[in-house]
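Protein sequence lines correspond, in order, to chains S and W. Under the working numbering, the residue at position 105 of the first sequence is numbered 105, and the numbers go up by one with no gaps. Under the working numbering, the residue at position 17 of the second sequence is numbered 17, and the numbers go up by one with no gaps.
If you anchor each label on the Cβ, the simulated ranges turn out as follows: (1) W:Asp102 x S:Gln120: 14 to 24 Å; (2) W:Arg144 x S:Ala45: 58 to 68 Å; (3) W:Pro43 x S:Glu177: 47 to 57 Å.
Cross-link-like lysine-lysine pairs, in silico, DSS-like; alpha carbons within 27 Å at most: (4) S:Lys166 x W:Lys128; (5) S:Lys169 x W:Lys140; (6) S:Lys165 x W:Lys140.
Which chain W residues stay away from chain S? Per the calculated CB distances, all over 12 Å, these: (7) Gly9; (8) Arg33; (9) Leu46; (10) Ile74.
Just so you know, the hints here were simulated from the structure itself, not pulled from any lab data. The C-beta atom is built at its ideal place from N, Cα and C for all residues, glycine as well.
Protein chains: 2
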Amino acid sequence: MDQFIGKGGKREEIMELSVPLFAVFGYDGVSMRDVAAVCGLTPAALYYHFSHKEDLYLEVVAHAFREKSAALLIKLKDSDSPWVQLENFITNLAHLAAKDEDFLRLMQWVRLDSEEMRQQKLVTHVFKDLFLAVHALVAKLNSRYDPYMLSMSIIHLVLIPFEGKKIRKFMPGYRPEHDQPDVLARHVIDLLRMGLFEYRTSD
Amino acid sequence: MDQFIGKGGKREEIMELSVPLFAVFGYDGVSMRDVAAVCGLTPAALYYHFSHKEDLYLEVVAHAFREKSAALLIKLKDSDSPWVQLENFITNLAHLAAKDEDFLRLMQWVRLDSEEMRQQKLVTHVFKDLFLAVHALVAKLNSRYDPYMLSMSIIHLVLIPFEGKKIRKFMPGYRPEHDQPDVLARHVIDLLRMGLFEYRTSD
DNA sequence: GTCTATAGTTTGATAGAC
DNA sequence: GTCTATCAAACTATAGAC
Chain S
1 MDQFIGKGGK
11 REEIMELSVP
21 LFAVFGYDGV
31 SMRDVAAVCG
41 LTPAALYYHF
51 SHKEDLYLEV
61 VAHAFREKSA
71 ALLIKLKDSD
81 SPWVQLENFI
91 TNLAHLAAKD
101 EDFLRLMQWV
111 RLDSEEMRQQ
121 KLVTHVFKDL
131 FLAVHALVAK
141 LNSRYDPYML
151 SMSIIHLVLI
161 PFEGKKIRKF
171 MPGYRPEHDQ
181 PDVLARHVID
191 LLRMGLFEYR
201 TSD
Chain W
1 MDQFIGKGGK
11 REEIMELSVP
21 LFAVFGYDGV
31 SMRDVAAVCG
41 LTPAALYYHF
51 SHKEDLYLEV
61 VAHAFREKSA
71 ALLIKLKDSD
81 SPWVQLENFI
91 TNLAHLAAKD
101 EDFLRLMQWV
111 RLDSEEMRQQ
121 KLVTHVFKDL
131 FLAVHALVAK
141 LNSRYDPYML
151 SMSIIHLVLI
161 PFEGKKIRKF
171 MPGYRPEHDQ
181 PDVLARHVID
191 LLRMGLFEYR
201 TSD
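Assemble the whole structure, with the sequences as input and the hints as a guide.
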């Protein structure tokens with residue numbers, strides 16, 4: 001299997017070793033020397049494989065997201081009802097977010113990227129597949145909501161609590177179970193399904 | 001009024017001019033030279049007012065958030081019902097998020113900060129007041145949901161769409177009205193109130 | 001209180017040996 | 001294909017004149 005990768009194997013290895021670095025420290029927080037160090041290379045050797053820091057970064061992020069989004073979609077069965085599919089998707093996404101911190105942090109770095117050209121390239125690799133998956137699902141639900149806004153809401157309800165995992169611990173009312181993907185998935189599903197309608201009598 | 005600020009006036013001026021810089025490029029993306037330049041100072045002169053880059057950054061972020069959170073709470077009237085207060089809060093927060101991009105970006109930089117000590121200092125200034133405000137409100141609602149999780153969900157539903165404003169434009173289904181605070185507030189309030197309950201018959 | 005000058009380090013990137 | 005050696009630039013921070 002590896003023989004088909006051929007000379008690209010080294011590039012692949014560099015990218016995989018770089019993912020945690022860029023996920024934690026971001027583009028400006030990582031130097032070519034840092035990358036070279038974790039790869040056991042000299043900075044000069046690194047420039048043989050990637051001619052610019054930005055090339056390296058773009059490929060690293062694209063590589064990190066290539067399979068993730070696809071994996072989420074594979075798990076869905078068309079035979080299930082749209083509601084069950086949505087519940088499964090939310091649960092799968094929560095588990096991915098809880099497990100893969102690099103995935104979440106890279107998404108945030110992309111959101112904050114100040115170089116518009118670079119950001120635009122990244123968005124395609126990082127967000128589009130994920131968004132399209134949710135959009136297709138909520139479209140089937142045929143609800144009263146704008147499918148674009150509803151897709152955004154669902155993605156944010158699931159992902160952002162894990163993005164802010166570290167800082168949430170400082171907030172009053174925090175309990176460790178709030179970090180469990182099944183607990184969050186249950187919360188989001190309940191909220192989406194029923195809302196707070198017990199109190200809608202107040203208008 | 002200004003006479004009471006005294007010699008701290010220059011520091012204040014530097015901080016205000018630095019906010020947009022750190023909001024756009026983050027801690028690692030801004031040099032002391034950059035800050036000095038926008039302030040019309042030399043880098044050395046800057047070190048008279050702030051002895052380290054980190055000191056400057058910490059004070060800049062704290063300064064940027066000092067009034068924001070408080071302003072959100074002042075607008076609430078205890079005479080209103082909890083539901084009306086929540087609706088008003090959501091609308092106010094959406095307007096703040098739509099207007100003040102620096103506010104949103106600084107929040108994201110804090111979430112991504114890799115220096116744990118620095119992050120912990122920042123969280124208090126940036127998130128705690130906002131979170132407490134929402135927490136107090138949802139506690140009054142006495143709903144079936146965990147108030148901690150519900151507070152998080154509400155904050156995320158309102159703020160994150162504006163944080164991702166740039167990249168949302170690349171997603172299918174985007175329309176300019178999705179950026180209007182009133183439209184988003186309406187969407188969030190409806191979603192919270194009613195959920196998608198039309199379809200809860202499917203289980 | 002603010003400046004010039006500069007130290008000492010780290011950065012992204014290249015030239016050329018092997 | 002990977003190395004040593006090195007460059008020019010940018011970085012944080014300091015010393016000391018005014």
